[in-house]
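A.B. asks: Work the whole structure out from these sequences, hints included.
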Amino acid sequence: MLIIALSGCSGRNPLLSYGPHPRAEECAQIQQATPTKYICDGKLYTSVQLSDIRNGQPVASK
Amino acid sequence: MNRGWKIGLAVLVSFALLGTGRPSLAQDTPAPKATTLWVDQKTGQVFVRPGRGRVAMNFGASAEQIEEEVEQRTQQRTQDAVRAAVAETAAQQRFDNAELQRQVDQIKPAWTSYVSNFQNKFRLGALAYLDYGLCTHTGFGPQFLENMNPPGPYNNLYNSFDINRVYLNTYFTPTDELTFRFTPEIYRANGTATADKTGANSGFASNLDGSLNVRMKYAYVQYSGLFDRLPTLKGGTVTAGAQQNPLLGWEEDFSQYRFVYLSPWNYLGLSSSQIGLQFAGPFKPYGGEQTYLDYAFGAYDNGNFSTPEQSNTKQVMGRVTAYPFGSAWRYQGLGLTGFYNYGYGNVAPDIGSVPTLLKGSIAHFTRMSAILSYAAEQWNALGEFDYGQNAFQLGNLYRGSGPLDAFGTATGTGQTLGKYAGTTCSTNKPCYTYPNSYGPQTALYQAFLNNGRTRQIGLDFLGHYHIPGTKLTAFGMFQWFMPNDNVNKNPLDFQRFVAGVSYQYNEYLRFALDSQNLLFYHSQFSVPISYASKFGYVPGSTFNGRGLPTKGSIPNTVPLDTHAIFLNMEFAY
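Quick mapping for you: the protein sequence lines, in order, are chains A and B.
So for the first sequence, the working numbering puts the first residue at 1; every next one is plus one.
So for the second sequence, the working numbering puts the first residue at 1001; every next one is plus one.
Watch out, some of these pointers could steer you wrong.
[Said to hold, decoys possible] Facing chain B, a subset of chain A residues (Cβ under 10 Å, in silico):
1. THR36
2. TYR38
3. GLY42
4. LYS43
5. LEU50
[Unchecked claim] Capping the alpha-carbon separation at 25 Å, the derived lysine-lysine pairs in DSS-like fashion look like this:
6. B:LYS1419 <-> B:LYS1234
7. B:LYS1551 <-> B:LYS1419
8. B:LYS1534 <-> B:LYS1489
9. B:LYS1489 <-> B:LYS1551
10. B:LYS1284 <-> A:LYS43
11. A:LYS43 <-> B:LYS1234
Derived from the structure by calculation, the hints contain no laboratory data.
Don't be surprised by glycine CBs; every beta carbon is placed ideally from N, CA and C.
C.D. replies: So, in structure tokens, the structure goes:
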């Protein structure tokens, strides 16, 4: 119920992964810091960078 | 009138005018006055009186005229002087303003630089672990997560919303190599305090018990330029202050589920924050970006971040992780980890130095772990063998909740007459009786765990797997632990397991639904008092003001299990 509520009325299955690549759920969280660090396809991203990618902004990874 | 006559008249008038002139003295100088002659316009003759056809011709000025002219000239000079002064002042003001502007222009870049660079030197983050937990079966034991203190047995279906962790992480990096971190956290204060008294008859209740308070969790300064000139060791750090210890932070980040369960040694009582000095870093021997070793070691107080240091010794801790095939990113690939911790009970030297047969809870302690791990982006797995000495005591067992007997208050009804289990009972010293009390069992556990010669053995597995194409990840953790394998059959041997699925809403928010369980897996049995006495149980002694059994066996020694279902939430920024 909580997941459905958070997914709003997008019409998509909230359990499935959508959106620009890479996405946080597909990455390995390697450090819970400020900000959190993820490894996606061998490259390092922060949670802020992944959020920017999800919102359509270009980001350079390390 | 002929021409000569005219000339003569003009001369006569001139002489008349000049003749009247003489040096004037200040005290008797007559007031100057204008002279008026009349000129006949037809003939040009000059007369001293007006007449027909004559017009006036004035010579000189009257006193009023002169005074007026002087006044005008004075005013003119004054105005000119004022204008000149104003102009000079204005010019000076312009010059001063230009100079001031030049100075301000020089200052402004420094201020602007500070403000604009501040955002690059300061980071502020937040971390929150919240949950709703339902205990289908309550029992005594360690905490599943922080700030959770469910009631003991026979309180099934106890449930609560909890705040397990709240951090406000602040990092200040004035230079690239220097970092200061300060992290306050939330914790629950437990323990009643006496009411305050004011005046002769007034009082107000204590508000200390149960409040969520704020305390320091991490406060340290870290320098990361220690080995900048050594490419093999570049990235190494030295850290001083209250910081993460070498093992727990590493293992928590590996598991990725700290918001759901505690890592094995953390569950057993090892604190995640120690005050001391630590060196840490990677080892990259072949010049590339692959890490083949990473290490962390240091010396710390015997107390943790939340207890004052009392001892005159320190504990040491160290972890080394080797990646035989190299690691492209933190944890990646196959990893072999060794962890070692040695320290002493946190007591003042005048107590710790006293020779005793059994050091009890103030004995030295050891913790060791051997870990085999493998991490990929979509899954990971870790297996761990734990060994300890005096590393798990009664206080650790009951960190979540325990019987009152462990905290100084006898439970059950004491027998005040005759004998019970070989102990003489009296009003002054009632006897513990069973089964309506936890007293004898608690005394037994104290003997098994706090005698200063305990040995711990444990085995753990944890890991997760991301379900492809979804936001879901399955995870699990299993821990088997023997709190003192010197006991032939220890009723406190337990297994803990966690199983669940998490949902990654976005980069900052995760949820998990999971089952957590603490199982004291032996079948119920009794422990003979004669056997218990080998570990320091004193038959017939006084415990919480009551007499302990002297003969026979202590029944019901295996504690009840705890089972719970949690909905956990993690917010991290």
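A.B. asks: Was the hint right that TYR38 (chain A) lines chain B, CB cutoff 10 Å?
C.D. replies: Holds - the Cβ of TYR38 (chain A) comes within 10 Å of chain B, reaching about 8 Å at its closest.
A.B. asks: Taken at face value, is the distance from the CA of LYS1234 (chain B) to the CA of LYS43 (chain A) at most 25 Å?
C.D. replies: Holds, at roughly 20 Å.
A.B. asks: Next pair to validate is LYS1284 (chain B) with LYS43 (chain A); report whether the Cα-Cα distance is within 25 Å.
C.D. replies: Roughly 18 Å separates the two Cα atoms, so the pair holds.
A.B. asks: Given the hinted pair LYS1551 (chain B) and LYS1419 (chain B), is their Cα-Cα distance within 25 Å?
C.D. replies: holds, 11 Å
A.B. asks: Compare the distance between the alpha carbons of LYS1419 (chain B) and LYS1234 (chain B) with 25 Å, and conclude whether the hinted pair is satisfied.
C.D. replies: Violated, because 72 Å separates the two Cα atoms, which is more than 25 Å.
A.B. asks: Holds or violated: the hint that LYS43 (chain A) contacts chain B, with Cβ atoms closer than 10 Å.
C.D. replies: With a closest approach of 9 Å, the LYS43 (chain A) hint holds.
A.B. asks: LYS1489 (chain B) and LYS1551 (chain B) were given as a pair; does the straight-line alpha-carbon distance stay at or below 25 Å?
C.D. replies: This hinted pair holds, its Cα atoms lying about 20 Å apart.
A.B. asks: Was the hint right that GLY42 (chain A) lines chain B, CB cutoff 10 Å?
C.D. replies: Holds, about 6 Å.
A.B. asks: Does the CB of LEU50 (chain A) sit less than 10 Å away from some CB of chain B?
C.D. replies: Result: holds, 5 Å to nearest chain B Cβ.
A.B. asks: Would the pair LYS1534 (chain B) and LYS1489 (chain B) pass a check requiring their Cα atoms to be no farther apart than 25 Å?
C.D. replies: This hinted pair holds, its Cα atoms lying about 14 Å apart.
A.B. asks: Let's test the interface hint: is any C-beta of chain B closer than 10 Å to that of THR36 (chain A)?
C.D. replies: holds, 5 Å
In terms of the numbered hints stated before, the structure departs from hint 6 and from no other.
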